[in-house]
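Number of protein chains: 2
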Amino acid sequence: MKKSPGEFQLIARLCADLPRGKRTRLGPGDDCAILAPARFAQLVTIDSMVEGVHFKLEWGSPQVIGARALTVNLSDIAAMGGVPTACVVNLAVRPGLDMAFFDKLYAGLREMAVATGVDIVGGNITRASQLAITVTLLGDGRDGILRRDTAHPGDAVYVTGTLGDAALGWRILDGKIRARGGVRKYLTDRFLKPTARLAAGRALARMRPAPAAIDISDGLWQDLGHILERSCAGAEIDADAIPLSTLYRALMGDDLELALGGGDDYELLFCTPPRLSDAALSRRLGVPVHRIGSIVAGSAAVLRRGEAAQNLKVPRLKGWDQLRTPD
Amino acid sequence: MKKSPGEFQLIARLCADLPRGKRTRLGPGDDCAILAPARFAQLVTIDSMVEGVHFKLEWGSPQVIGARALTVNLSDIAAMGGVPTACVVNLAVRPGLDMAFFDKLYAGLREMAVATGVDIVGGNITRASQLAITVTLLGDGRDGILRRDTAHPGDAVYVTGTLGDAALGWRILDGKIRARGGVRKYLTDRFLKPTARLAAGRALARMRPAPAAIDISDGLWQDLGHILERSCAGAEIDADAIPLSTLYRALMGDDLELALGGGDDYELLFCTPPRLSDAALSRRLGVPVHRIGSIVAGSAAVLRRGEAAQNLKVPRLKGWDQLRTPD
Numbered sequence: 001m002k003k004s005p006g007e008f009q010l011i012a013r014l015c016a017d018l019p020r021g022k023r024t025r026l027g028p029g030d031d032c033a034i035l036a037p038a039r040f041a042q043l044v045t046i047d048s049m050v051e052g053v054h055f056k057l058e059w060g061s062p063q064v065i066g067a068r069a070l071t072v073n074l075s076d077i078a079a080m081g082g083v084p085t086a087c088v089v090n091l092a093v094r095p096g097l098d099m100a101f102f103d104k105l106y107a108g109l110r111e112m113a114v115a116t117g118v119d120i121v122g123g124n125i126t127r128a129s130q131l132a133i134t135v136t137l138l139g140d141g142r143d144g145i146l147r148r149d150t151a152h153p154g155d156a157v158y159v160t161g162t163l164g165d166a167a168l169g170w171r172i173l174d175g176k177i178r179a180r181g182g183v184r185k186y187l188t189d190r191f192l193k194p195t196a197r198l199a200a201g202r203a204l205a206r207m208r209p210a211p212a213a214i215d216i217s218d219g220l221w222q223d224l225g226h227i228l229e230r231s232c233a234g235a236e237i238d239a240d241a242i243p244l245s246t247l248y249r250a251l252m253g254d255d256l257e258l259a260l261g262g263g264d265d266y267e268l269l270f271c272t273p274p275r276l277s278d279a280a281l282s283r284r285l286g287v288p289v290h291r292i293g294s295i296v297a298g299s300a301a302v303l304r305r306g307e308a309a310q311n312l313k314v315p316r317l318k319g320w321d322q323l324r325t326p327d
Numbered sequence: 001m002k003k004s005p006g007e008f009q010l011i012a013r014l015c016a017d018l019p020r021g022k023r024t025r026l027g028p029g030d031d032c033a034i035l036a037p038a039r040f041a042q043l044v045t046i047d048s049m050v051e052g053v054h055f056k057l058e059w060g061s062p063q064v065i066g067a068r069a070l071t072v073n074l075s076d077i078a079a080m081g082g083v084p085t086a087c088v089v090n091l092a093v094r095p096g097l098d099m100a101f102f103d104k105l106y107a108g109l110r111e112m113a114v115a116t117g118v119d120i121v122g123g124n125i126t127r128a129s130q131l132a133i134t135v136t137l138l139g140d141g142r143d144g145i146l147r148r149d150t151a152h153p154g155d156a157v158y159v160t161g162t163l164g165d166a167a168l169g170w171r172i173l174d175g176k177i178r179a180r181g182g183v184r185k186y187l188t189d190r191f192l193k194p195t196a197r198l199a200a201g202r203a204l205a206r207m208r209p210a211p212a213a214i215d216i217s218d219g220l221w222q223d224l225g226h227i228l229e230r231s232c233a234g235a236e237i238d239a240d241a242i243p244l245s246t247l248y249r250a251l252m253g254d255d256l257e258l259a260l261g262g263g264d265d266y267e268l269l270f271c272t273p274p275r276l277s278d279a280a281l282s283r284r285l286g287v288p289v290h291r292i293g294s295i296v297a298g299s300a301a302v303l304r305r306g307e308a309a310q311n312l313k314v315p316r317l318k319g320w321d322q323l324r325t326p327d
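Chains A and B, in that order, give the protein sequences. For the first sequence, my numbering assigns the number 1 to the initial residue and increments by one for each residue that follows. For the second sequence, my numbering assigns the number 1 to the initial residue and increments by one for each residue that follows.
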């Protein structure tokens, strides 16, 4: 499809004056970007943020949206223990947004790219009825690579940070839960400005044997399910060990629904023999780490609270008609 | 954003039983795909096809749409003289399409991937209001790499195939031009089922010096403009030398509008010293090649027809308000 002058201008603006690492031989402006040969195994991930599905414009500045579009991909690289290197960006542009909006969105994307050592090496613009930002991010496994399929019975299950804050922030932004002032800001920032645990991922990738790992983007229970499915194992999780922020507890009490199933945390879940204390692991990873349970034989994920065990099913794939809006 | 069971099922269907080359160490199913270290310079491109913008569902089968989403990216690799290797796919899914539709779309995508040696190594599904398929394709430059910025005065300008057929096909599909039977089929197929000139691109990449090249996706005049802008050169083009198909001539006569500006041809334009005849170049590239003009000093593109010279401006970047529907 022939591009309009406006589309070319948007591409030019996205790509103007980008800092460039040594790996990038040719950035935007040709049919493809050219990267130097890769000494290490390459990681590739793609993720998309769609207006009205993943965010609303009134929830945050364009900068925040731009940065977040890269962060959700950075988190996938972090979950594999990789070092992010280069990305390409597809921007679907709807009517009603002006160049000032895109300049801000690009600024957020570029600042996050610079902060994490990522070269933006190419882009594409298309018209659409919804704003959408799709990023493909490349990385390398110079420290080793973490996978989902290497959890073994006897491993302990750990998570970084606290869980459920982002899901709570999403519900506050969406008007489903009320919060004000600092509480609102902390929780909504946890949704809008997640942190990709890149340094923690690399520290894990240097451990031997390499831990199994995943980022918690779909919710602890669902992402744990991915680990168990790929590793052909089960897990016992201690409900009381799931790390919750003070503000989560203040709003939700002991209700673990959002911590277990809320999504958007972008923390890491990993499984490794319990050789180190939580404190020692936290120091090594540079982020708070909590042990929440153990990998066991079988295929079930069991949630225990005190004496009571609750056998929560690992999510099953259901029919197409299940494609639905989030709870 | 937490994924629904339907979204997981779609990803699983896209990625099931994919053939896999030696480069792919881990395909879909983890946070990232893992590719082997790359001996050659890497090429990266991203392109997107959006329903209602680039295609309508009633224009072709889901298989055709799936195949075309990969082909438009393959053409970018071809234009750099590269060998396509691996891709990731982002599918934006709107309500009202069933699994049978996506199975067919995937079948078209997968068949094209197999035919061109591409591993589909990852995917992402999101809900949206418009169907959109965004593909990031990787390739390598094992034979050398073609760029847009290496055209020099004295080079001849060549194109592969014939121009304007796809734009004509688009207008037939869109009801703007009438055609029936074999005429309709030939021209609409040129839009719906373009051929990425991969073998021709590789043959060009083996020539020394490496020709300047671009694929003609935005229309000959616009894409020639990209070459001239990046190479800081001008061009003189012979209107009578622009290759037109018999059916294009039958419908359009001598009107070059669609051949010059129509887009979607996915032929290659390249610039190289005129050492070989068109026939010899055609044999080497495995596709008909026609010389259409020369690179000259300056920055203007001049279209000559007989004695008359028409100085057509290279497209200029205009304001955001120019982002518009195609002519």
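Simulated from the structure, these hints should not be mistaken for lab results. Don't take every hint at face value.
[Unchecked claim] Each pair of labels, with its calculated beta carbon distance range: (1) A:Arg94 to B:Ala297: 37 to 45 angstroms; (2) A:Gly286 to B:Arg20: 34 to 42 angstroms; (3) B:Pro209 to A:Arg20: 35 to 43 angstroms; (4) B:Ala100 to A:Arg94: 25 to 33 angstroms.
The structure presented is a predicted model; accordingly, all values stated were derived computationally and were not measured. Glycine included, C-beta positions come from ideal geometry on N, C-alpha and C.
**Prompt:** Going back to the hint list, which numbers does this structure go against?
**Reply:** Hint 3 alone not satisfied by this model.
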